[in-house]
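Residue-level listing of the chains:
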Amino acid sequence: MTLKKQNAVKENNKDNMAELNDLLLGSSLEENIALLRNIFTNDETLVFRRFQNRNIKAVKCCAVYFNGMIDPQIVNKDIIQPVLSSDLKDGIDIHNLPEELQYKVIASGNVNLENQLDQIVSSILYGNTLLLIENCEKALIISSNGWETRAITEPESEKVVRGPREGLTESIIMNITMIRRRIKDPDLKLKFREIGSKTHTRVCICYIENVASENILKELEKRLDQIDIDGIIDSGYIQELIRDAPFSPFETVGHTEKPDVVAAKLLEGRIAIISDCSPSVLTVPYIMIENSQSNEDYYNNFIYSSFNRFLRTISFVLAVSVPAVYLSIVTFHQEMLPTPLVLSISASKQGVPFPSFFSLLVMLLIFDLLREAATRMPTLIGQAVNIVGTLVLGQAAVEAKLVSAPVIIVTALSGILTLMNLKLIGAVIMIRFLFLILSSILGIYGYIFGVIAISLHLLSIRSFGVPYMLNVTTLKGHNWQDTFIRAPWWSMKLRPKIIGAKNLVRQRTKKTGGKKTG
Amino acid sequence: MKPFKIILLVLIIMGNLLLTGCWNYREIEKLAIVAGVAIDKGTNSRYRVTVEIVHISQGRDAKPSSRIVTMEGETMMDAVRNEISLSGERLYWSHAKVILLSQEVAREGIAKIIDWYTRDSETRTDVKILISGEKTAGEILERGKGVTEEIKSFELNSMLDNQKSLAKAPKIDLFDFLNMLESDGTSPVMPLINIRQADSKSVLEIMGTAVFRHDKLIGFLDGEETKYLLFIKNKVKAGVLSQEEPGEEGTCPVALEIFGNKTRLEPLVSDNNIEFKVNITVTTAIDEIEGSENFIEDKGRIKLEKDSEASLKAGIENLIKKVQTDFGVDIFGFGSELKNDKPKLWGKLSNNWDDRLKSLKVTVIPKIHIRNSAVLSKTIKVKD
Amino acid sequence: MGKELITDKEAICLLMLFTMGSTLILGVGSDAKNDAWLAVIAGLLMSLPVILIYSRLLSIFPGKDLFEILDMTLGRLLGKLVALIYIWYAFHLGALVLRNFGEFMVTMTMPETPIFVPMLGLGLLCVFAVRLGIEEIGRISAYLLPVLMIILLIVLGLAIPQFELTNLKPVLGKGLGPVINGGFSAFSFPFAESAILLGAFFCLKTKKSPFKVYTLAILFAGTLIMVLTIRNISLLGQLTSKLYFPSYVAVSRISVGDFIQRIEVTVSIIFVVGAFAKSSICLLVASRGIQRIFKLKDYRKVVIQLGSLMVLLSYIVYDTTMMMQYWAFKVYRYYAFPMQVIFPVIIWIIAEAKKNKSKPAGKKAPANE
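Chains C, V and X are the protein sequences, given in the same order. For the first sequence, our numbering begins at 2 and goes up steadily by one. For the second sequence, our numbering begins at 15 and goes up steadily by one. For the third sequence, our numbering begins at 2 and goes up steadily by one.
Read the hints as simulated data drawn from the structure, not as lab findings. There could be a bad hint or two in this list.
To be verified - Cut-off 35 Å, straight-line C-alpha distance, at most; resulting in silico cross-link-like pairs (DSBU-like, lysine-lysine):
#	chain 1	residue 1	chain 2	residue 2
1	X	34	V	185
2	V	178	X	243
3	X	170	V	291
4	X	65	C	503
5	X	302	X	81
Unchecked claim - Just so you have them, the derived chain X footprint on chain V, three or more residues with Cβ under 8 Å:
#	stretch
6	77-85
7	344-357
8	378-390
Backbone N, C-alpha and C define an ideal beta-carbon position, used for all residues, glycine too.
Taking the hints into account, I'd like the entire structure generated from these sequences.
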């Protein structure tokens, strides 16, 4: 449905680019300048810099570029200066000026000849410098893009204690650099394409040939081809446009801001989608178990990592269950509790006017409110929010007998458990409310109904043909090694077969190494 | 659009359920938690039911206190529901710990009384059941005072739970009692509760056993006899055997702590004559020697073992005799043993088992083994 | 949507859940009193030949479901007629399971809740599952069964200290009669109910798998039911046969220390899952039957309607719990006998005859994929 809508929208705003399709450059310099000026009317940042060679008057040029999109150093030193000052007489064929300039004069890494107007426009927009030459129907496109980018920092959302601190940035080239620095192999393939009729965002499909599954690659390309939208501002757009199970609260396309994670996933046979101007790289296929994996798992001792992973998995289950189970025990199945516990819970609830269901619902909402407020707040104010949240809402509410202490404990516990799995946070919040409502109707049975329904849902969705949940009966051997536990590296000799990787053998390390002595 | 429709449908159904629902939804603090119940004969109607409710008061350091409510009714259910007209709360039974029955009620038969308690889904059958040694059962809850706990029923519960290291009253819960009622070849028993005056306080005391024929109370056994009964029923897990030994300076009492016991009932059938052998194997340790006799050396120890075996045998045989002559019911479970072992023979005998029991020959073969002498390896000698 | 396939292990899990479904809570062979566990064994032995016939049928016609087999063996008209009977049986059985679940909820845990609500909840869940397809039901069984087994084993372990094995004595105290009687009851409920699965196991991978799936699943489930029956009897003694839901009461007797007690809710989790698996399969088979008879493209189109009707039927099928008890243990065995034994045997004989006839003629065995 969404695609249809976008098509309809597009029909109306038929953009200029399409009209430029068949236009070519003329031979007159001034005419060409006028043409470009016309295309970019009302745009003061477009610079036309005319200049001539000192010796040959015939070499009359004009450099066209966008202020701020180029590196002035390159334009000045490598384009304008050589053309201005060089002695073009020696061995330069004036009649074949563009080629001569391209091959012998301009000192830039990437120079192309172009006469298609649409290509020219898009490359100027991309930060290249256009060199128009008098009496010449072709122009030189010299790559000169250079703009301020954010420095490489550690991403806030994926902090590690151990492992690379580098985080991806908004520059696609930088990101690819960071990935290629990790995988220096000709098999690392990068397929570029442009998405977005207005933004012309460069999107790169990155995979390792002979490792990634071709079917998944084909399917991914098909889905990317189907996207027809005016703009991609962040890879999040692509994520939602290509995902399976569009209505599910669970993500079926992964994203990360860490280059080491991307590289590791590529090595496992996954495919990465890098989008320009977005620091998060998408990976497909993405399955449930990846939500509880962390890059640090692979750098730390495997026993410790397995334990942490176990904690994360359990915390997901608990985060969705704790409020619902508490509610059903306190309001339906009081006989399940040992007598002393009944008495103490009952004592703590004496005088609280609201029903348990209502107070749990409200407290969970308040927790989410605080969380959202603290996320958007500058750090310093965020602390104030924390104080208000804990002191005022927590303690004062209990003191004033508005909520009972167990409700606060349950809310806080569930909230903290939610934060253990940041990638699942959206799903956890939704499911938690669903379970809470169900258990307010049928107690623990409602909760079990909910669990079965969610499990069915999880079992039914797929990510690019790969079942989202592992299939317990067909799962054996090496496929287990990186799921609920993280097996030691010396035993993970194969790539996980479940995600459809080819060429399974991953390492041939001799096991003996230090194993016997260590 | 289809998913939206489904979501809408689900929302409508959920909304309906939520708005009309909450059938079994009860807030925990609104429950009147019953801790124990005492059943007497009523003055106006058939039953008089006294209920101990845990009263939980507001406030940070408030301790739960006990509240006693009495009501009457034509049936148990009726009486229990009549409570609403007294306090407006509906009683919550899942956490009840004890049922106390008056002797008067018990002599008339208690199957009809406990039927409601067993049948209802909120009540639990792991509630303990006792007979009041006082005139009524209600006064135990009304007059009695707990020593450690405010709530008497909870205290009774822990008293019964800890009987396992005393073995002077059987620990019977409702379910055990029902099972004994249902099975042929075993007559039910119940622990006995009394109020004892100590330091001008009325303290609860559980000691002794009430004996039933079918569901009717017919007599009592005291604490010591109860211990012997439990020996036969293989229910002794711990306890004390006191033995008086002759010594140099008069008698020298010795206490043996029981660490384990295994009793096997063995029916010996020959022609039409049935005999029972009761093999009792007790593991004990010397825990107290009030004198300077040496019971730790082999000689003294074997003598001690022999003597205490003899007194255990005497005690048990006296009990069996008493039960055979006074009550004539099979509270020991000889009948069930016979049924399990020789179902065909039991089929012939079951009709007049009680008569046969009166003349049943039972041989008690106790075997007491003294394992150690606790911490001290010698007797304490008083030096001049 | 490609051809649906489930692995043998999933099929075993599914059949085990199906078999244990309502049995775990209703108990079996109560006629035999304290020999009920022997009745389970008897029922298991009686069901083995029937089970083999079911598997043989499936392996003669691999990839075909019950309704196609009926068409191929009995001919169009008669086949349709018998198919209708099976659709009714599956549909009715699903409703009965829903009702058992509802009764359990209302008598044991939520007396004030209208019985319709839990049944509607479970019914909706089944509709959801069946719309997803047999693959998802198989996969969720493979997830749920291990969880249930762990719960069952833990509960069993906790119960062992309280076992009174003398409750099992006397063995065969009343002779073989009650045991055979109870065994027949256990045969029809739950073991031979696996006839329903004929309509769902069109999706097995190999020709050999029906034998493996049926025998292993029934043996495992039978053993488990036997162990649990022993548990119930040795915890409950004489009262076992007087209770509607013995497992629930048996587990409520377990108490280890002061804290581990009142764990009977675990039993209800097992029951919810079992009832869910069983009634989803029934709904699936009924829907597929309707699809075959009316030649619909996709059975998913009738699932919601059939599911709603099933909930409705379960609502009106009994008046009282007593009636449910009477039906489940007294009437059901005679009612289900044709579907469980007579028809399968007839179809099997015809199928074997046809197969033999076609072989000498030089034709390939039918539908050999």
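> Any of the earlier hints contradicted here, and which numbers?
Replying inline: Hints 6 and 8 are the ones this structure does not satisfy, whereas the remaining hints hold.
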